[in-house]
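Line by line, the protein sequences are chains H and E.
Following our numbering, the numbering of the first sequence begins with 645 at its first residue and continues without gaps.
Following our numbering, the numbering of the second sequence begins with 645 at its first residue and continues without gaps.
Certain hints may be false.
The list makes no distinction among identical chains, and a pair is therefore deemed to hold if it is satisfied within one copy or across any two copies.
Below, a list of computed lysine-lysine pairs in the DSSO-like style, where the Cα atoms sit at most 30 Å apart [to be verified]:
| hint | residue 1 | residue 2 |
| --- | --- | --- |
| 1 | K1065 | K827 |
| 2 | K1225 | K802 |
| 3 | K1068 | K1036 |
| 4 | K1010 | K1171 |
The set of hints was computed from the structure by calculation and includes no laboratory data.
2 protein chains.
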Amino acid sequence: MGMDYSAIKDWILREDSFDPEKLGKCEAVMSLGNGYLGLRSAAEERYLNETRGLFVAGTFNKFDENEVTELPNAADMTAIKLSVNGEIFSLTEGAMEDYARELNIRTGELKRSVIWTSPKGTKIKAVFYRIVSLKRLHVIAQRVELTPLDADVKIEIKSGINGKMTNTGSQHFSDGDKRFYDKRVIQFVQTTGQSKIDFVDTTVHKLALDGEVLPMEAEVYIERREIFAGYNVEVKAGQTLSIEKYSTVYTTRDLDAEGKTAADLQKLALETARELEALGYQALLEESARQWEEEVWNLAPIEIEGCEMDEFAVHFAQYHLRLMVPAHDARMNIGAKGLSGEGYRGHTFWDTEIFLLPYYIFTDPKTARKLEEYRYLSLPGAHAKAAHNHYKGAMFPWESAWLDDGEVTPEYMDVDILTGKPNKVWSGFIEQHITSDVAFGVWQYSVITGDEDYMEKYGYELIMDTAIFWASRLEKGTSDDNKYHINDVVGPDEYREHVNDNAFTNYMAHWNMQKAMEYYHLLKKEKPEIFARLNEKLNLEEAYPQWENGCANLYLPVPTKENILPQDDRYLSCRDIDLGKYKAQEHVGGITRDYNLEQINQIQVSKQADVLVLFFLLEDIFPQEVKKASWEYYEKRTLHDSSLSLSTHSVLACDMGEMEMAYDLFRKAAAIDLGPFMGSSNAGIHAASFGGVWECVVYGFGGVRMLGGRLRINPSLPEKWTKLSYTIIWKGQKLAVEVTKDEVHVTNLTGTKKVEIEVNGEARIL
Amino acid sequence: MGMDYSAIKDWILREDSFDPEKLGKCEAVMSLGNGYLGLRSAAEERYLNETRGLFVAGTFNKFDENEVTELPNAADMTAIKLSVNGEIFSLTEGAMEDYARELNIRTGELKRSVIWTSPKGTKIKAVFYRIVSLKRLHVIAQRVELTPLDADVKIEIKSGINGKMTNTGSQHFSDGDKRFYDKRVIQFVQTTGQSKIDFVDTTVHKLALDGEVLPMEAEVYIERREIFAGYNVEVKAGQTLSIEKYSTVYTTRDLDAEGKTAADLQKLALETARELEALGYQALLEESARQWEEEVWNLAPIEIEGCEMDEFAVHFAQYHLRLMVPAHDARMNIGAKGLSGEGYRGHTFWDTEIFLLPYYIFTDPKTARKLEEYRYLSLPGAHAKAAHNHYKGAMFPWESAWLDDGEVTPEYMDVDILTGKPNKVWSGFIEQHITSDVAFGVWQYSVITGDEDYMEKYGYELIMDTAIFWASRLEKGTSDDNKYHINDVVGPDEYREHVNDNAFTNYMAHWNMQKAMEYYHLLKKEKPEIFARLNEKLNLEEAYPQWENGCANLYLPVPTKENILPQDDRYLSCRDIDLGKYKAQEHVGGITRDYNLEQINQIQVSKQADVLVLFFLLEDIFPQEVKKASWEYYEKRTLHDSSLSLSTHSVLACDMGEMEMAYDLFRKAAAIDLGPFMGSSNAGIHAASFGGVWECVVYGFGGVRMLGGRLRINPSLPEKWTKLSYTIIWKGQKLAVEVTKDEVHVTNLTGTKKVEIEVNGEARIL
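Please construct the entire structure, taking both the sequences and the accompanying hints into account.
Right, here's the structure in full:
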């Protein structure tokens, strides 16, 4: 009951029963999209507990001065109210047979079918199809087929555009202008309250009876925030009524809308509506499915032999990795829930650089570059944040939205279970490692792709500018060790607030400054023009001695005699409690219902990987025995209460040779959204965890790692798998990797350039 | 099925079946309130098509610059989510027996009961009780009784405060501070976006098993815009679990909150919550029911013998007339839908003076005075509107909200069925008769009550100031009749826009100026100090000759040779069409789906009473033959597409001696909200029509009329009625009137002063 994996060999995720109390899961994990539009898969007929959602990448708006900016939930165009002989079609009433909802991740089509018997006994077969076109970014197409099985019926349809949608009650849009054309095409223009982005929503219906188009005028209804069309059709038993609905969204924030007014977009949308209607649903589906094939499945094929479910899991990750990424526009980035829900408000976190970027870098470098251009374009916000905090350089916001928004982390969230008062969210103030994460992303992108154009235009500057921040951030400790410290931060592990010398933060800051020094020399020597430009802009000559001094004197936590790298200056001295209950929990965050954050801070417990992410990013600076001992120490104390955690632990487990544990953690990571638990994805899918699934497969079992500028492939397959194939792009050359238990085949598919890699410790030239 | 009138002799309106598609009707007509709070009677369990609504009188807010200010839909505190052994209690699932919802209009209590069998077969009896206290303006109290009938069950309760409510998608509130005290009392502070009114919502639950209080801590959940408490209780078969929920709303707009902060109100609300909990539901019900008895039923008793339904209808009107009136605060007035829905946005229209004021004047003069003080307090808006339109004096807004808002009629509404573009709403610009309606209300109030204090402080000034407007409004016509005209207006009949010399408008303007002249002389002679003050303020000496000139030369439409008074200068020359279809329509407004407004303007058709309202207000200036002929002419052409129309026609029919027609129209007027049609009250009850029902009974059949400063009583009962008794207050003396077919008894209950009245043409001194 619930999720059904019986059709995964056909790339199909199914839901085989309908529970009106648990709608959020499939709305999110079966959502459709194309990086511009993200559409939750709420049903055509409406339900009390649904969360309908349509998001357009980058269209941030701030509801009021007490809220942070967020991606607004746009007007809904997918609802279609059907009544059969006056009885409303709804699966909570009457009876149903043969219910199934299927997401075909290969074609991007959602299908839902049911035989429904109304409370009064009318039996009807209903099939619903839907796509968000990957070929036409603005287009949603739907097709509904209704076949009365026993008797002639009168079907009433009410369908249109509903601007009453909110983000959990916060309304981002004006009740704009509604109008219709020829009593057929209906249009609604709304504007966001603060960011003043115009949304032009347009929809048109095409009805046919047994394939014969019905030339009908709609009865048009206009209400507050709503415009819809009404149709009445008599359908004989056995006949099939099809309703196709073509909807488009254009906004004045669109990259290609520059200089255009809402009126221009209205005209364009009207023309498009007529074009879509002429094409029809089937043609739109086919061209979109072809686009999926070309753009995703042919581009980055992955095959796993030995476990269909694992193969499906990584394809499912790839499906969502395409939905979430605004590949069309560098002015926006990936939200922590993609475009599949309002969780985390569409904001971008370190998730992009650490958990998502590797997938795009290795499979779709053009898109990866867009993600990294975004960080450059959002430097104004990073400068503002640094200045506001009396630091220098670029201090990246923990949560990032529109380019000049700067820090957008909410200041308060939830309530302290002891005091009954709101909890302050410290991440936006002191979770500062994001700045070196951004720099790390730049470096990773440039080394793997070899994209020197990016580095010259954006990358060197980003690394210098972030290093300038770190140099200004260091502080003399209260101890008399004469070292620099980074006090009062939150590291990756968000269960520990206000810690000093978080290992991840300190080592990454050190890395960031060192990388800047390295590039300083490189530019001065090899690219003097760029050096001169950046020196004028950032005063590198003044910055360099500060980096040098910072690197020399920054305190870097050292492993204990038991080889444990201390997560921060207090972790190892906190008390240990029995975490069994929370390690075995079904829902994350159980500990926060028993202890408030102040109390959790006194316990040796981690929400998520912290020190281990450091081992993952900078694996060559710690000896294996430190990594091993620390891995064992922290894994026991980590609750994986963040979806970012499992994949890191899985990849590290591969590195430790703990293959059973690695596989177990991978399966858990893959189950975060794909698994059978019906409550965990309501607010949207877990974007980073999809990147993590790919990392488990290609970094972990596939053994791929970029290390000190070199590519190494040290695969080790889980017991169940007999073969793993994947492609990666290294320095512009697409390599096909085939791993079996015995062999590793690597082929250079591009072959325009020789590349040197290391496979299981041996150098190969391809 | 649906509305059930079997218990009306016990003052109870019932609903005997549940239709999840038709919830709006009972939500509105069974709504609860006290003039401060208005609460729609949506169920405790939520439904897809519900319209939950909680309104606090006078708390207007403007969502954005494209909308007009409106009464915001406050956070919901009445929803209670129940599950029985994990199955959600909902009447759309499983099976039900013995469903009934009952509004007791005598006590103001709503009760709903059902025996529900869950889909899995668990049987439970559920009874829900609810009041909005008439004694404590800020208080909502609920009681739920749950009795498992067959088996022991586990009941889960989730209940709290939900700030996701909107006005059809427009969100007026911030997502404010949520907190709880002692894991029991929960509180939510929200602020309106533009008017910056703080709302402090507080709720606390008390659970008991078979009367034994359960001392339980709640599990408190905090979400975006929501805070709620969770409880789990095991209930054995046959035991009754009761859940009492006490909720309060305080706002910084409250009259007694002046100088108080939200924090002060939070403290007050917390104390109140504890006090209410100690009192319990039953005590709160009893004190509120006593208040209903004292304040309404003893104050203004009406009895009709011969038809229980008619008696109930007038009591039902009185019930709603109490709910809708902000008797506690002169800074606000009655909305066109009372506090029972968001229709007409809580705005005040001419409905107050023409259809509602008579009830309050004759039964509760203190409250009537508040309504008329409101008009004085909102003079700043009326001056602003006059100045904006280059007129002088006080030009009252067609739609009125907060005191200084001025005109708040929306500028566009609906869409032209021919062009597909939005329709301009002309009322706010040119429906100008509201200004003389306000003056008429002042005069009516002062003559019937004899409240000279009101006149001296507010009334004389209002009549002078409105007359100054009219004098500035008159224009020389294009014809060379040398008369003044009032061109380009909308009269009461809103199907006719941009008409010239609307009879109602011209006669009432004339009356307004004449009344000002009369008071000019009176004040100059008898109250020279007041004259001096007003002369200084309004320059009466300059105004007087303009009134004199205006009255002498204003064109007043004259009846045709067939004795028809022309509604305007074009009505009688428009074409007649067959209106049969629309006269017989089930839903109002049918003609607007066939013709656009421009076309309707060319047809002899009226939305509502127009000329006939003039006969009603100024009955002594037209001879009977004109009234009779005009009544017959216009009644045929009036679609009663406004709820203001039927009662006027009914009262006029009484005056014409058309008793059968009068009774028929009265029954139709009474059925507007009380009748069995399930679709007509969704956006709220029709406030004016309740005043109209009282007018039908007391003015029409009861024969009461104030005419030229004198009270006359000329009753004529419908055939069915054997006796009608009512009370009216005339010049401070409460008179009990008993009408039978043969006699009219009038008793002076107060008896502190002799009053002279006229009964069936004969003078009586009481």
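Worksheet item: Can you list which hints this structure breaks, lowest number first?
Response: none
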